[in-house]
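Number of protein chains: 4
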Amino acid sequence: MSSNSFGDIFRITSFGESHGTAVGITIDGVPGNIRINKDLIQAQLDRRRPGQSNLTTSRNEQDRIDIISGMLNDFTTGAPVTILIYNKEKKPEDYSKIKDVFRPSHSDFTYQHKYGIRDPFGGGRSSARVTAGWVAAGAFAEQILEQFTNIKITAWVNSVGSYSLKETPSQLNRQIVDSSLVRCPDVEISNRIIESIEKAKEEGNSLGGIIGCEITGCEPGLGDPVFSKLSSELAHAMFCINAVKGFEIGDGFDISKLKGSEANDEWENSNGQPVTSTNHSGGIQGGISNGMPIHFKVAFKPTSSISSRQKSVNTQLEPVELNITGRHDPCVLPRAVPIVEAMAAIVILNAWLRNRNVNLNPA
Amino acid sequence: MSSNSFGDIFRITSFGESHGTAVGITIDGVPGNIRINKDLIQAQLDRRRPGQSNLTTSRNEQDRIDIISGMLNDFTTGAPVTILIYNKEKKPEDYSKIKDVFRPSHSDFTYQHKYGIRDPFGGGRSSARVTAGWVAAGAFAEQILEQFTNIKITAWVNSVGSYSLKETPSQLNRQIVDSSLVRCPDVEISNRIIESIEKAKEEGNSLGGIIGCEITGCEPGLGDPVFSKLSSELAHAMFCINAVKGFEIGDGFDISKLKGSEANDEWENSNGQPVTSTNHSGGIQGGISNGMPIHFKVAFKPTSSISSRQKSVNTQLEPVELNITGRHDPCVLPRAVPIVEAMAAIVILNAWLRNRNVNLNPA
Amino acid sequence: MSSNSFGDIFRITSFGESHGTAVGITIDGVPGNIRINKDLIQAQLDRRRPGQSNLTTSRNEQDRIDIISGMLNDFTTGAPVTILIYNKEKKPEDYSKIKDVFRPSHSDFTYQHKYGIRDPFGGGRSSARVTAGWVAAGAFAEQILEQFTNIKITAWVNSVGSYSLKETPSQLNRQIVDSSLVRCPDVEISNRIIESIEKAKEEGNSLGGIIGCEITGCEPGLGDPVFSKLSSELAHAMFCINAVKGFEIGDGFDISKLKGSEANDEWENSNGQPVTSTNHSGGIQGGISNGMPIHFKVAFKPTSSISSRQKSVNTQLEPVELNITGRHDPCVLPRAVPIVEAMAAIVILNAWLRNRNVNLNPA
Amino acid sequence: MSSNSFGDIFRITSFGESHGTAVGITIDGVPGNIRINKDLIQAQLDRRRPGQSNLTTSRNEQDRIDIISGMLNDFTTGAPVTILIYNKEKKPEDYSKIKDVFRPSHSDFTYQHKYGIRDPFGGGRSSARVTAGWVAAGAFAEQILEQFTNIKITAWVNSVGSYSLKETPSQLNRQIVDSSLVRCPDVEISNRIIESIEKAKEEGNSLGGIIGCEITGCEPGLGDPVFSKLSSELAHAMFCINAVKGFEIGDGFDISKLKGSEANDEWENSNGQPVTSTNHSGGIQGGISNGMPIHFKVAFKPTSSISSRQKSVNTQLEPVELNITGRHDPCVLPRAVPIVEAMAAIVILNAWLRNRNVNLNPA
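Protein chains in written order, with the numbering used here: chain A, 600 to 962; chain B, 600 to 962; chain C, 600 to 962; chain D, 600 to 962.
Hints may contain errors.
Claimed, not checked - Taking lysine to aspartate or glutamate and the EDC-like style, the derived pairs with C-alpha atoms no more than 16 angstroms apart in a straight line are:
id, chain 1, residue 1, chain 2, residue 2
1, D, K910, C, E867
2, D, K910, C, E861
3, D, K858, C, E794
4, D, K910, C, E865
5, A, K858, B, D673
6, C, K910, D, E794
7, B, K910, A, E867
8, A, K910, B, E794
9, B, K637, B, D607
10, C, K858, D, E794
11, A, K858, B, E861
12, B, K910, B, E920
13, A, K910, B, D785
14, D, K858, C, E865
15, B, K910, A, E802
16, C, K637, C, E745
17, C, K858, D, E801
18, C, K910, D, E865
Unchecked claim - Computed beta-carbon distance windows for the label pairs:
id, chain 1, residue 1, chain 2, residue 2, range
19, A, Q774, D, R955, 34 to 40 angstroms
20, B, F747, C, Q746, 20 to 26 angstroms
21, C, Q746, B, S652, 32 to 38 angstroms
22, A, D777, C, D665, 46 to 52 angstroms
23, D, S869, A, A642, 44 to 50 angstroms
Think of the hints as simulated: they come from the structure by calculation, not from any bench.
From a predicted model like this one, the values you see are computed outputs, not experimental measurements.
Idealized CB from N, CA, C, for every residue including glycine.
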């Protein structure tokens with residue numbers, strides 16, 4: 600229950616709609632007396648916010664965070680932290696045309712049917728705008744991880760449409776990723792992606808793609824059998840992000856074609872530490888981190904909002920022709936990179952906190 | 600927390616190890632006064648049990664269910680239902696050789712590191728044998744769904760190694776699926792798969808593959824924004840199954856290569872019912888079922904236990920050569936079909952039960 | 600976990616401190632398309648707010664609610680509802696004297712020890728001010744109950760200090776209760792209580808007392824064995840309220856002195872309905888409502904903040920003399936009446952919602 | 600949800616009925632590699648089991664525990680621990696007379712109405728017999744507490760009927776308590792209680808009473824604001840026990856009659872430790888333990904099952920005369936002492952485990 604909450608110890612509760620007063624997040628289970636740098640939270644919000652470049656939606660939101668509870672000066676008090684991100688540039692009038700229409704591949708029909716009512720303004724609760732709160736919570740989680748662990752989380756755009764990195768990169772950092780306008784860490788592929796997004800924008804069309812993510816410095820032992828596997832929780836978290844249609848860890852779908860003798864990761868002694876000579880498993884075995892870098896990929900469908908002509912029905916089930924003119928991203932992937940990082944951070948922090956209760960007599 | 604429980608209303612708690620007294624499941628949140636046919640539960644267990652054919656492990660377990668609570672005659676009482684499946688054919692001596700070794704791509708190292716102790720007998724808690732309880736609970740859930748909805752869940756083996764169905768099938772049923780020894784509903788591909796499993800067995804090797812699943816008759820409105828999306832919960836559930844490395848819904852990873860104009864599912868009026876003319880979304884939009892068939896795929900790595908020679912280290916991190924001689928499936932996919940169905944059933948039943956609290960004034 | 604949340608379906612998450620921007624509440628699990636009258640929520644807040652009379656704290660807060668999410672016009676959308684109550688009359692300077700002192704019977708020491716930090720301004724998170732959000736959520740819950748059930752919840756002041764009602768009243772309503780300045784529905788006792796509170800205020804002292812509560816119109820079947828008994832959940836809820844030290848249902852502590860033959864409630868047929876001839880059980884048997892009125896009592900200790908001189912220690916454990924001059928209620932009970940009602944409403948609504956999943960084939 | 604589970608980290612799931620195969624408990628969240636002495640678990644079961652003396656029910660159950668999962672030799676593995684207690688002396692035929700009758704103050708009517716079905720054999724799921732599993736889990740929890748803390752939990756019979764200890768005792772231990780046949784640590788009162796229970800038994804009547812409990816050695820900081828207060832969780836836990844009708848902490852209901860100047864507990868420096876000079880608060884302030892002994896009391900109604908004649912109705916609502924002849928305790932309090940201790944242990948262990956995630960930089 601409580602479908603707007605996520606995480607069992609460091610637990611976030613999301614609220615707010617695209618065109619209401621604000622979107623927000625409340626974090627419960629924050630440890631006390633932790634110094635938090637608000638600028639680092641804002642920095643991740645800035646990577647997600649609209650209007651970063653001409654490749655994104657023209658809605659111009661500054662997405663400034665307002666922490667209204669749970670902090671004393673720059674320290675956590677252990678009380679729940681509520682962060683608001685106000686909606687400044689609302690244009691409710693834009694949505695009058697579509698309020699009685701079920702847009703293709705949007706959640707218009709499913710929300711209307713489920714609740715008997717639908718907030719049509721900017722998608723209401725189903726808007727990707729609600730992820731602003733998640734990003735804030737994720738950046739908060741990362742600061743706790745940084746103070747107590749060596750864990751680093753880095754996501755990047757691995758493909759858009761048919762342009763894809765040849766190999767899964769590793770040892771990236773956010774600075775490298777951000778040196779590309781579309782957060783793809785290969786100059787040539789990045790340029791192709793930029794061109795293809797510009798073309799899609801011109802054509803009133805949209806593109807999907809794949810985001811990759813690497814988590815390094817992850818101690819062994821994170822994740823709990825049998826229903827709280829780290830892989831299960833990462834999968835769950837990623838599928839919370841709008842437009843996600845696929846998720847894989849390590850070699851993922853490709854590993855299904857290998858033989859055991861090819862896919863198994865053999866253990867070695869590396870200066871007194873157990874490491875695996877290969878990492879087909881993507882850092883997770885039996886649902887638990889094994890100390891190797893964690894790798895996963897997330898597949899996004901193309902943005903459902905396109906301005907080229909489409910057919911659909913209205914709430915009376917009468918056929919209509921749609922010509923959506925709003926402010927939409929022709930490709931959400933560059934802005935989704937910090938969202939993937941945020942949700943991963945929340946999963947990892949929870950697994951790390953849970954682990955403090957598992958082995959009371961650490962070696 | 601409570602990582603051995605799954606589901607929020609119809610909630611299962613799993614317990615038991617591969618070579619202990621029994622594996623079991625307790626189901627809480629069972630509605631009262633529902634007639635349950637125990638034979639139908641046993642029938643699903645029979646599809647999962649070892650020893651069904653010479654393609655599976657030679658461990659011979661009958662996997663008879665014993666319902667020890669929560670039923671009065673053939674009716675539920677609303678009390679928790681505990682089902683035990685006794686372990687009959689235990690051979691603890693088999694495991695003495697590997698109890699101090701970290702087998703490649705097994706959970707030996709991760710369990711040992713996490714808990715400071717490890718049950719080596721047949722993998723202990725990490726054994727796929729614990730899924731017997733999940734299958735029992737899933738078959739229980741299906742009987743409730745059948746009495747109140749039209750929902751049908753059918754899984755099949757879509758590929759093993761490089762042998763794959765050309766197209767995602769639909770309108771299958773379990774009888775059709777079971778007409779193949781490896782549960783692949785295409786005679787030719789099925790034969791190739793059988794051959795390749797026999798070959799892998801001979802070679803002491805193993806194979807992975809992909810299981811497909813279709814859920815039909817699913818009313819619109821199942822799944823809850825934003826963190827209990829039906830897609831999130833299915834992904835979570837599938838990654839609980841041992842060896843799973845990938846999950847996708849609808850067109851999945853392939854949809855990331857399409858344009859919005861190609862990927863969007865347009866709504867139509869079909870005799871007064873809204874339907875989509877295509878189903879790239881796989882029946883889920885905005886995390887909520889839209890009434891179309893739900894399709895998803897699950898990628899499994901090859902069985903980690905292979906008898907061909909491997910290198911690894913022991914618990915002292917000294918190099919060892921492994922020659923695993925146990926009773927293992929060269930390919931787990933045929934037996935994993937009912938596990939996928941069971942976890943899907945538990946997800947769907949919970950979404951359906953939750954929905955009774957969402958729209959109190961149904962049209 | 601998530602200790603700032605309460606309720607499993609209609610789930611509230613509380614946040615905010617006494618002297619921060621606002622106190623607030625987020626409600627998840629709100630059914631969709633329910634009309635909500637904001638004035639009725641404000642009306643309950645007005646019964647809780649400070650400054651209602653000269654018997655309460657002189658802090659003057661209007662406690663106007665601001666619903667910032669989850670509503671479209673006057674209807675719920677099924678999205679989480681966040682309600683803010685801004686803190687207007689903050690005087691942080693008042694608290695500089697006590698920030699390094701552990702006040703007797705306050706939570707100063709326990710918070711400081713637990714979190715390594717403490718928000719001293721008005722008690723921070725431990726302030727009774729945070730209950731404003733609970734009252735808003737409770738009034739919201741009551742409107743749902745009113746639209747679908749006949750349930751009515753009425754609390755009153757049963758005693759203050761040694762002045763107590765002779766008998767537990769029944770068939771009260773809020774109008775009757777509010778006709779007393781101290782919400783005690785007996786003119787004479789009410790006057791004595793008013794006098795005693797005035798006297799305590801003059802003396803710089805404080806008073807405790809007992810609040811009674813009756814829930815009528817409650818259908819049989821609410822509450823779930825064995826750990827979600829309605830009695831358990833009411834007890835849990837009431838002990839969340841600051842200063843509560845005792846809770847009893849029906850005859851409570853007195854029933855422990857009776858014999859079974861005196862205490863048992865015999866069943867009768869009343870016009871085709873089963874009723875009990877007595878109600879020693881207070882409407883709950885086996886943890887489940889039996890259809891009779893539910894009665895319970897809640898004991899409050901006297902306000903810990905008193906202005907008469909007290910001894911204590913500071914954070915260095917050095918002895919200090921305290922002379923607390925703040926704005927405090929000499930007796931919290933009149934203002935606690937709507938808090939008791941709110942928490943009871945949230946418990947009852949959750950039990951009612953849960954029950955929709957228990958008996959799928961109602962007679 | 601999941602009303603048969605309790606506790607958020609060390610989480611117990613109860614199952615089984617009075618006359619089924621067994622009653623049992625599954626504990627999830629057990630830390631790994633902890634040595635557990637099964638005899639100490641059995642010892643607490645022996646204090647709860649029927650047939651200890653001629654003052655209890657004549658049902659003779661040995662209540663031997665069978666741990667079927669989660670242990671390797673005498674150590675926990677971190678996997679869920681399932682403990683079964685088989686029902687040996689079942690007499691289903693005893694219950695045929697009452698299966699269609701609603702016994703006064705039993706849960707017959709409430710279960711029947713809630714679930715549409717009722718297990719009549721020995722009360723089925725509503726039988727106090729299910730607490731055998733709780734006692735096993737509590738004794739398990741105590742062994743973890745003993746290995747990592749100085750916490751001791753001791754309960755006793757404080758009153759039966761009108762015979763009551765004059766003062767709340769302290770510094771008791773279980774040996775002292777058990778030196779009384781009825782677990783009342785005052786020879787004279789104990790004798791009176793024994794006489795009164797014998798008399799009630801002769802008369803076919805029953806008695807209630809009050810159990811007291813002290814928890815010593817409890818570090819400050821246990822319990823979480825605002826809805827997981829230690830007081831809330833203890834109240835919740837105690838009201839899970841059958842027949843409980845009242846709960847109070849510290850001075851409880853009596854403190855409501857005191858003035859603040861009388862009720863406040865002043866802090867002192869005791870050899871470098873903060874202590875309070877009095878303990879009206881019962882060791883809990885602001886819902887969090889303050890390091891002083893925790894005191895609480897639990898009020899039980901008299902056993903509902905009495906053999907003297909009573910009126911009631913049957914399931915057709917026709918009047919009946921009841922003459923219950925079963926095997927019942929004329930007074931449950933002596934056997935309820937270990938149940939109170941068990942539930943307290945589970946609450947305290949959970950609060951202690953949760954606290955490991957609150958202050959990551961302990962002084």
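Against the structure, the hints:
no.	hint	verdict
1	D:K910 to C:E867	8 angstroms, holds
2	D:K910 to C:E861	13 angstroms, holds
3	D:K858 to C:E794	14 angstroms, holds
4	D:K910 to C:E865	6 angstroms, holds
5	A:K858 to B:D673	45 angstroms, violated
6	C:K910 to D:E794	48 angstroms, violated
7	B:K910 to A:E867	8 angstroms, holds
8	A:K910 to B:E794	48 angstroms, violated
9	B:K637 to B:D607	24 angstroms, violated
10	C:K858 to D:E794	14 angstroms, holds
11	A:K858 to B:E861	35 angstroms, violated
12	B:K910 to B:E920	5 angstroms, holds
13	A:K910 to B:D785	36 angstroms, violated
14	D:K858 to C:E865	41 angstroms, violated
15	B:K910 to A:E802	55 angstroms, violated
16	C:K637 to C:E745	14 angstroms, holds
17	C:K858 to D:E801	13 angstroms, holds
18	C:K910 to D:E865	6 angstroms, holds
19	A:Q774 to D:R955: 34 to 40 angstroms	35 angstroms, holds
20	B:F747 to C:Q746: 20 to 26 angstroms	25 angstroms, holds
21	C:Q746 to B:S652: 32 to 38 angstroms	58 angstroms, violated
22	A:D777 to C:D665: 46 to 52 angstroms	37 angstroms, violated
23	D:S869 to A:A642: 44 to 50 angstroms	49 angstroms, holds
In terms of the numbered hints stated before, the structure departs from hints 5, 6, 8, 9, 11, 13, 14, 15, 21, 22, listed from lowest to highest.
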